[in-house]
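**Student:** Sequence:
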Amino acid sequence: MKKFKQHFTGHQISVSMIMWLIAFASLTCGAGITYAVLKNDQIQVTRDIKQMNDEIASCELTGEYYRSKISSLTSRWAIRDRLAQDKSNLQPIDPAAVEYISPKNASRIAAAGN
Numbered sequence: 000m001k002k003f004k005q006h007f008t009g010h011q012i013s014v015s016m017i018m019w020l021i022a023f024a025s026l027t028c029g030a031g032i033t034y035a036v037l038k039n040d041q042i043q044v045t046r047d048i049k050q051m052n053d054e055i056a057s058c059e060l061t062g063e064y065y066r067s068k069i070s071s072l073t074s075r076w077a078i079r080d081r082l083a084q085d086k087s088n089l090q091p092i093d094p095a096a097v098e099y100i101s102p103k104n105a106s107r108i109a110a111a112g113n
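Oh and the sequence shown: position 35 is 34 in numbering that gives the first Met the number 0, straight run, nothing missing.
No lab work stands behind these hints: they were computed from the structure.
Here a beta-carbon is modelled for each residue, glycine too, at the ideal position from N, C-alpha and C.
Among the hints, a few may not be true.
[To be verified] Pairwise CB distance ranges (calculated): (1) Lys49 / Glu98: 30 to 36 Å; (2) Thr45 / Asp85: 40 to 46 Å; (3) Tyr99 / Lys49: 25 to 31 Å; (4) Cys58 / Asp85: 29 to 35 Å; (5) Ser71 / Ala95: 51 to 57 Å; (6) Ser74 / Gln43: 43 to 49 Å; (7) Ser67 / Tyr99: 42 to 48 Å; (8) Ser70 / Gln50: 28 to 34 Å; (9) Gln43 / Ser70: 53 to 59 Å.
Based on the provided sequences and hints, a complete structural model is requested.
**Tutor:** Here's what the structure looks like:
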């Protein structure tokens, strides 16, 4: 019996060692929690970036749609067709009535028109 007690009395853990183990365990747990929080934030930012990219692509597609629609509505031939459907009183301009102005005379003519 005496040998048994002597065998285990030499291997006792001191109080300071227990304190160091508790401090190390606390530090390790804190680091794990910090890692989990940062990883969660990283995943959330990745999702936000993907959502923004999807919204940007959607806005670009919508803009392209409206540019196409404006282009088709402002086409000379589309306007003529709409005027014909509406039975407008507007008459086509005779090409002989069109006067071409050179860039040199444009400012002089514009000033005279005011």
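**Student:** Hints first: check each against the structure and report whether it holds.
**Tutor:** Results of checking the hints against the structure:
no., hint, result
1, Lys49 / Glu98: 30 to 36 Å, "violated, 58 Å"
2, Thr45 / Asp85: 40 to 46 Å, "violated, 54 Å"
3, Tyr99 / Lys49: 25 to 31 Å, "violated, 55 Å"
4, Cys58 / Asp85: 29 to 35 Å, "holds, 34 Å"
5, Ser71 / Ala95: 51 to 57 Å, "violated, 31 Å"
6, Ser74 / Gln43: 43 to 49 Å, "holds, 47 Å"
7, Ser67 / Tyr99: 42 to 48 Å, "violated, 32 Å"
8, Ser70 / Gln50: 28 to 34 Å, "holds, 30 Å"
9, Gln43 / Ser70: 53 to 59 Å, "violated, 41 Å"
Comparing the model with each numbered hint stated earlier shows that hints 1, 2, 3, 5, 7, 9 do not hold.
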